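Enquirer: Here is what each chain is made of, one letter per residue.
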Amino acid sequence: MGMGVDENALISTLGKSQKEHRKLFRKASKSFFVEDEERAFEKCHDHFVRHLKLEFSRFNTAVVMWAMHPWERDARLVKKALKKGEEAYNLIVEVSCTRSAEDLLGARKAYHSLFDQSMEEDIASHVHGPQRKLLVGLVSAYRYEGNKVKDDSAKSDAKILAEAVASSGEEAVEKDEVVRILTTRSKLHLQHLYKHFNEIKGSDLLGGVSKSSLLNEALICLLKPALYFSKILDASLNKDADKTTKKWLTRVFVTRADHSDEMNEIKEEYNNLYGETLAQRIQEKIKGNYRDFLLTLLSKSD
Amino acid sequence: MFVFWVWSETGWGTNEKLIISILAHRNAAQRSLIRSVYAATYNEDLLKALDKELSSDFERAVMLWTLDPPERDAYLAKESTKMFTKNNWVLVEIACTRPALELIKVKQAYQARYKKSIEEDVAQHTSGDLRKLLLPLVSTFRYEGDDVNMMLARSEAKILHEKVSEKSYSDDDFIRILTTRSKAQLGATLNHYNNEYGNAINKNLKEESDDNDYMKLLRAVITCLTYPEKHFEKVLRLSINKMGTDEWGLTRVVTTRTEVDMERIKEEYQRRNSIPLDRAIAKDTSGDYEDMLVALLGHGDA
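Here the protein sequences come in this chain order: W and P.
Just so it is clear: in the first sequence, position 226 is 226 by the UniProt record's numbering, and no numbers are missing.
Just so it is clear: in the second sequence, position 122 is 122 by the UniProt record's numbering, and no numbers are missing.
It cannot be assumed that every hint is accurate.
Computed footprint of chain W on chain P; a stretch qualifies when at least three of its residues, placed anywhere within it, have a C-beta under 8 Å from a C-beta of chain W [stated by the list, open to error]:
1. 98-111
2. 177-183
Listing some non-contacts, in silico: residues in chain W with all C-beta distances to chain P over 12 Å [stated by the list, open to error]:
3. Glu7
4. Ala40
5. Phe48
6. Leu52
7. Ala88
8. Gln191
9. Ala241
10. Ala279
11. Gln280
12. Glu284
13. Asp302
Counterexamples of contact, computed for chain W against chain P with all Cβ distances above 10 Å [what the hints assert, rightly or not]:
14. Val5
15. Asn8
16. Ala9
17. Leu14
18. Ser31
19. Ser57
20. Thr61
21. Pro70
22. Gly202
23. Asp204
24. Leu206
25. Lys224
26. Phe293
27. Ser301
By construction, these hints were calculated from the structure, which means they are not laboratory data.
The model shown is predicted, which means the values in this text are computed figures rather than measured ones.
Quick reminder that beta carbons are idealized off the backbone N, C-alpha and C, glycines included.
Looking at chain W on its own, in the form it has when it is part of the complex (with noise of 0.2 Å):
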């Protein structure tokens, strides 16, 4: 089973079918649907029905994320993961570092319009624990684009990464000097810091360096998007995936889209890591309009 429904097989099969037709469908669909003898009718498996439902709305959810402005679509995935709680928080890390300057700011206006608060106020006082001081700085951010950098800066800066997460006691993602790393230096100087650590280390940052899976995201994200969003697309394409991992896909094909370089990198970082294309997989695994949608939208970037 892949994703989406294939609407026109389904129109003409069942469209056409006549009542006893379908009653011979749902006999022989046991994983379906289940013999209710006592009352003789073939009764839908609830989660059969939330299946469904699901499925048809995958190029629904795709269609209305599309028409959406990216900056309310952002500002309602960030609002979307604050009330889902602690297992969403990766969402908000996504957005934030992911996207550029001008874009999260966007969002963050969009959220004022939206929710009649800031998006700051919302996050800190919604999320407790170590994490907060990281996401809100993440999101507060709005990060110098330029190409100006201070290599001695950012040799020093990766030390102090270096040995805020070696040590131990309290957890690195709470440690002030990595949150102002993290939430305050542009990319680029990032970049430079990524080089420096690994030499000063041996090991790689972006190989797990701490135990917060947030702090991990959020290095990732800002120093190597095209990996990660290639590892959820891969993730969301599995077939083990569940429910939420699925939905990753609208979403990152959806935000993306609009960004070609980006989503070239995507592709070829995708293609590196899996041996075929995006839209090889897509092909392979779904189906219907949420296919075709999906094959426009990585057609854009062509």
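Knowing the structure of chain W, use the given hints to seat chain P on it.
Expert: Below, chain P without anything else, positioned relative to chain W:
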């Protein structure tokens, strides 16, 4: 532009009076136009030309006045993070009294001029409690609507009161409320604080025997967010009476508030000191510097 011709014909050296008469009564758009016409005509930035001719307090007043408000704030912010001119009040003023969108323009001007973000500089040049307070203050993009949630005002007033009673003046929640809530919401919260607990929060904070820099800054933050003219009156009073260490306070307040809320500040000054502000300034300053300040104070009347 007739004015220009007169200016260029009579030369620079002894014409502070002309400079004052040309610039002091122009609004920001006009000053910007003057600068660009000057640059197009004489192939040099007006401020560079002025820099060669003028001196000390007068020069500073003219320079600050001529700069575009966002550039001015960026310049002041940069100055305030440098070791020898360290003055955290300035950062508090900029972060707390400028409208949210104006603060964004300041950040853009800062990045354009200094090739880094204001946040990374503030973060790097502060530590401990000061950073805990100043960094979110400078990063926040406050909601500016009038919406107030009275239940939230009550519950957050309670939190503030608890922290004050415990002397936890740099507590995470304490800072969170001050640095993320909208001004309207904060106003309601602090009113409730006053009504419920009998004293304005700053009165309680003043009772703290260890009145260190952090405490002074904290009180300034609260005043700037709720009653800015009171803060500016204080800066003026201390500067005019040569008390405290903010020697450029007079120049800064006059040049930055003239087009904003100078009338209210004048009223506050008169109320508090029983002498009009321009009289106090005339007594304390002299020469071209005095003329410039007095001209700026009368800006609205021109």
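Enquirer: Check the structure against each numbered hint from earlier and tell me which ones fail, lowest number first.
Expert: Hints that this structure does not satisfy do not exist here, as all of them hold.
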